[in-house]
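Q: One letter stands for each residue in the lines below.
2 protein chains.
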Amino acid sequence: MKAARYYAAKDIRIEDIPEPTLVPGSVAINVAWCGICGTDLHEYLDGPIFVPAPGHVHPISQEGSPITLGHEFSGTISALGEGVTDLEVGQNVVVEPYIIGEDVSLADGEPYQLSPDMNFIGLAGHGGGLSEKIVVQRRWVHPIGDIPLDQAALIEPLSVGHHAYVRSGATAGQTALIGGAGPIGLLLAAVLKAEGLTVIMSELSTARKEKALSTGVADYVLDPSEVDVAAEARTISGGRGVDVAFECSSVNAVLDTLLDAVKPAGVVVNVSIWGHPATVDMQKLVLKEIDLRGTIAYAHDHAATIKLVQDGKVNLEPFITGRIELDDLISQGFDQLINHNETQVKIIVRPVPAN
Amino acid sequence: MKAARYYAAKDIRIEDIPEPTLVPGSVAINVAWCGICGTDLHEYLDGPIFVPAPGHVHPISQEGSPITLGHEFSGTISALGEGVTDLEVGQNVVVEPYIIGEDVSLADGEPYQLSPDMNFIGLAGHGGGLSEKIVVQRRWVHPIGDIPLDQAALIEPLSVGHHAYVRSGATAGQTALIGGAGPIGLLLAAVLKAEGLTVIMSELSTARKEKALSTGVADYVLDPSEVDVAAEARTISGGRGVDVAFECSSVNAVLDTLLDAVKPAGVVVNVSIWGHPATVDMQKLVLKEIDLRGTIAYAHDHAATIKLVQDGKVNLEPFITGRIELDDLISQGFDQLINHNETQVKIIVRPVPAN
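Going down the list, the sequences are from chains P and S.
Residue numbers for the first sequence, in the working numbering: 1 to 355.
Residue numbers for the second sequence, in the working numbering: 1 to 355.
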C-alpha cells in the first residue's frame, strides 16, 4: 500500500510498504482522510522532534525512522481483531492517535496523556494516517456515526481545542480571549462558542481575521496593530477582564497581552508549542493570582468532541481549505501550508486515489 | 503616641503623632508587637512601592506619606466603637491589615484580596502596627485566644503561607518542594507540615538550612550547590515528581528547578515578589500540564491560621530571632535584616517601651 514516510527533515517519501497485520484486540481501518498538522510541518522543516532520532527507536513502539506520518485521520473499519466485539466492520471511525504503555490506565480522570514516553501514532510508529490502511488498538478507536469522513479528519485537532477548554475550567456565559487565529486557535474558538462562551480573538493576519469572523467562531476579532487588545477585551467583558485566555501563537507579546486581559483570579492556558523560553511578568501572575496552565493534546476528550460535531454545535466544513491526493503531499500540502500559511487552515489528504 | 513614619526611601522617622480616634464600627487596639516584613525592607531600600508616591494619596485611605508603617501586629482591645458587640475590651487580637473598599464583600469564597486598589494598613494609610495604638474596622480584627502576643505578630506572614498552601490545592500525604528558606519559605513550610505534607526545602544558606531543620518544618533540606535538587526531590517523592512546589526566592534557577521537580499535572505556586521578569520554559509547562499559580497575601485564611497555632500544630516561637524597641527600629531592626539577612527570620518590635 502507499504511505508517506518520514526519513529526515525535507525528506518525506511516498512509498509502497506492506499492509499492516490485524492482531488480537486491534482494528483494521481503511483511511479516508488525513489532515496535515503543524507538528508534521515542524518535523518536515526542523525534525526529527517527535520522530525518533536517527538510529534510535521509540521505547514503546520499538520503531524508528522511516516512520509513516499522519495522526489526524478518519476511516472505515475493514476488519476486527480477535476479542473486539463492540465495533462493526463498515463503521466510520476516528483514531485517538496515542502511543502509550499498555499498563497505563485510561479510566475516568486518569491523565494518560502525561504518561511516560507518551508519543503519537503517525510520528513515532504504529503506522500513520498518511497511508491507505492502518491497524490500531481497540482502545484508541472512536465511532463517529454519520459525521462526514472529510470533516472527521478534523476531530483530532478539535479535541486539542476541547482539552484546552477543559483545562481552562471555563463555563457557559463566560468570556474568552484567544491569542492567535491559526488552525488550533480557530478550532478552539469553535469549541468555546459551542460551549456557550463569548469569544474574542486577537490576530494580525487579514485572512485569519476574516476566517474567524466568516466561520462565526469569534464574536469579536481584535487586531493588535489597531487597538489595545487587553484594554478592549476588558471592556468587552465588563471591565475587570476576561475569565479565561488562551495562548495559541507562541508570541511573547501575545502572552503579555493575555496576562493583562484576564480578570483577577483568571486563567491563561498555554496551548501553543514554544521553540524558545517565554518571558513572564511574575508580578502580574502574583497580583492578580493568575493561573498559567499548560495543556497538551487530549485525554477523555474525543467522545465529547465528536458529540459537539454530531449535534451540529461545531461545523468543521469551513476549516477544510484543501483536499489533495497522497502523491501531492509535498507540493500541494506541505509547501502550500508553508508558503500560504495565512490563507490555509486545514489541508486534508486522501491516501486512496479517487476513482 | 510614638509611631514609625515612612517619608521616603532611607527616611523613616520615629515621631510623636496624635492617637487615632475610635469611630462607629471600629476597634481600638493597644499594639503589643509588630514584625518587620520584607515588604517594609523594600519600601525602606527602594520605595515607595506600596506606599503612595510623593504628592499622591491612596484612593481608598485618601492618605499619602508620611505613612505609619507596620502590618504584622498583635495587640489588646482597649475600646470598642459603636455597634461592635461581638468583641470585648481586653481581648487579644491580630489584624488582617487590608485597605479594601467598603463595598467589597468578605463573604465566603470572595477573592477580596484581589479587589481594585487593594493595599495594606501600615503601607498605605489607616495607621500601622509600628505605633502604640491603632483603630481598625471590626471586619479586620481576629481574636487569638491564648496565643502569646509576641508569637501572634507572626500570624500575618503565617497567613501568607496558609494562602499559598490553599492556592496549591495540596492535601495531606502529598509531598511539597519549597524553593528558598527565607521567612516566608519557613512559615509556609510550617503550614505544610502542620497540614500533613512531606516538606522538602531547597536552600543555599547554611544558617537557613539549619533553621529549616532545627524548627522541624522541613523533612529534607537540599542544597543546590551540592545535589541536583529536582532529581533528588523526584526520588524522595517516589519517582514522578513532587505534587506541589512553591517559589519563595524570586531566583530564576529556582523556578526552573521547581518546573523540573513537579510531577505531571503538578502545581507550582509563585509566592515571591519578583523585581524582574522571569524566564519560563513553556515546553515544561505544556508537556507536563503544569499549573503555575500566583498567590498574594491572604483571604479567608486568618481563622484557619490562628487555629493551627492554637492547636499547637505550628510553633511560631523559633522564628522570632529578635525583639526590639521602636526607637531601635532602624539600627536593630532594618539594618540587622539587611546586613544579617541569613541568620534573621523575624524581628519583632514593641511600640510601647517595656517598664
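Derived from the structure by calculation, the hints contain no laboratory data.
Since the model is a prediction, treat every value here as computed from it, not as a measurement.
Just so you know, not all the hints are guaranteed correct.
Copies of the same chain look alike in the list, so a pair counts if it works inside one copy or between any two.
Claimed, not checked - Calculated cross-link-like contacts (lysine-lysine; reagent style DSS-like; alpha-carbon spacing at most 30 Å):
(1) Lys133 with Lys209
(2) Lys209 with Lys307
(3) Lys209 with Lys313
(4) Lys193 with Lys307
(5) Lys284 with Lys10
(6) Lys10 with Lys307
(7) Lys313 with Lys2
(8) Lys193 with Lys2
(9) Lys284 with Lys193
(10) Lys307 with Lys133
(11) Lys193 with Lys209
(12) Lys10 with Lys193
(13) Lys284 with Lys2
(14) Lys313 with Lys10
(15) Lys133 with Lys284
(16) Lys133 with Lys10
Q: Next, verify each hint and record whether it holds.
A: Hints, verified against the model:
Neither within a single protomer nor between protomers do Lys133 and Lys209 lie at most 30 Å apart by alpha-carbon distance, with minima of 37 Å and 61 Å respectively. With identical chains, the CA atoms of Lys209 and Lys307 are at most 30 Å apart within one copy only, with a shortest distance of 27 Å there and 55 Å across copies. Taking the closest pair of Cα atoms, Lys209 and Lys313 come within 30 Å of each other only inside a single copy of the chain (21 Å); across copies the shortest separation is 57 Å, beyond that limit. In this homomeric assembly, Lys193 and Lys307 come within 30 Å of each other (Cα to Cα) only inside a single copy, at 14 Å, whereas the closest approach across copies is 45 Å.
Taking the closest pair of Cα atoms, Lys284 and Lys10 come within 30 Å of each other only across two copies (27 Å); inside a single copy the shortest separation is 42 Å, beyond that limit. Within a single copy, Lys10 and Lys307 get their C-alpha atoms no closer than 37 Å, and across copies no closer than 64 Å, so neither meets the 30 Å cut-off. Proximity of Lys313 and Lys2 under a CA criterion of 30 Å is satisfied in neither setting, with 35 Å inside one chain copy and 68 Å between copies. For the identical chains of this complex, Lys193 and Lys2 are neighbours neither inside a copy (39 Å) nor across copies (61 Å), given an alpha-carbon limit of 30 Å.
Taking identical chains as interchangeable, the C-alpha atoms of Lys284 and Lys193 lie at most 30 Å apart whether they share a chain (28 Å) or sit on different chains (29 Å). Only within a single protomer do Lys307 and Lys133 lie at most 30 Å apart by alpha-carbon distance; the minimum there is 25 Å, versus 65 Å between protomers. Taking CA atoms no more than 30 Å apart as the test, Lys193 paired with Lys209 passes inside one copy only; the shortest distance there is 16 Å, against 52 Å between copies. Taking the shortest alpha-carbon separations for Lys10 and Lys193, neither the intra-copy value of 37 Å nor the inter-copy value of 54 Å comes in at or below 30 Å.
Taking the shortest alpha-carbon separations for Lys284 and Lys2, neither the intra-copy value of 52 Å nor the inter-copy value of 37 Å comes in at or below 30 Å. Taking the shortest Cα distances, Lys313 and Lys10 never come within 30 Å of each other, neither inside one copy (38 Å) nor across copies (62 Å). For the homomeric pair Lys133 and Lys284, neither the shortest alpha-carbon distance inside one copy (50 Å) nor that between copies (35 Å) is at most 30 Å. In this assembly of identical chains, Lys133 and Lys10 lie within 30 Å of each other by CA distance solely inside one copy; the values are 24 Å within and 75 Å between copies.
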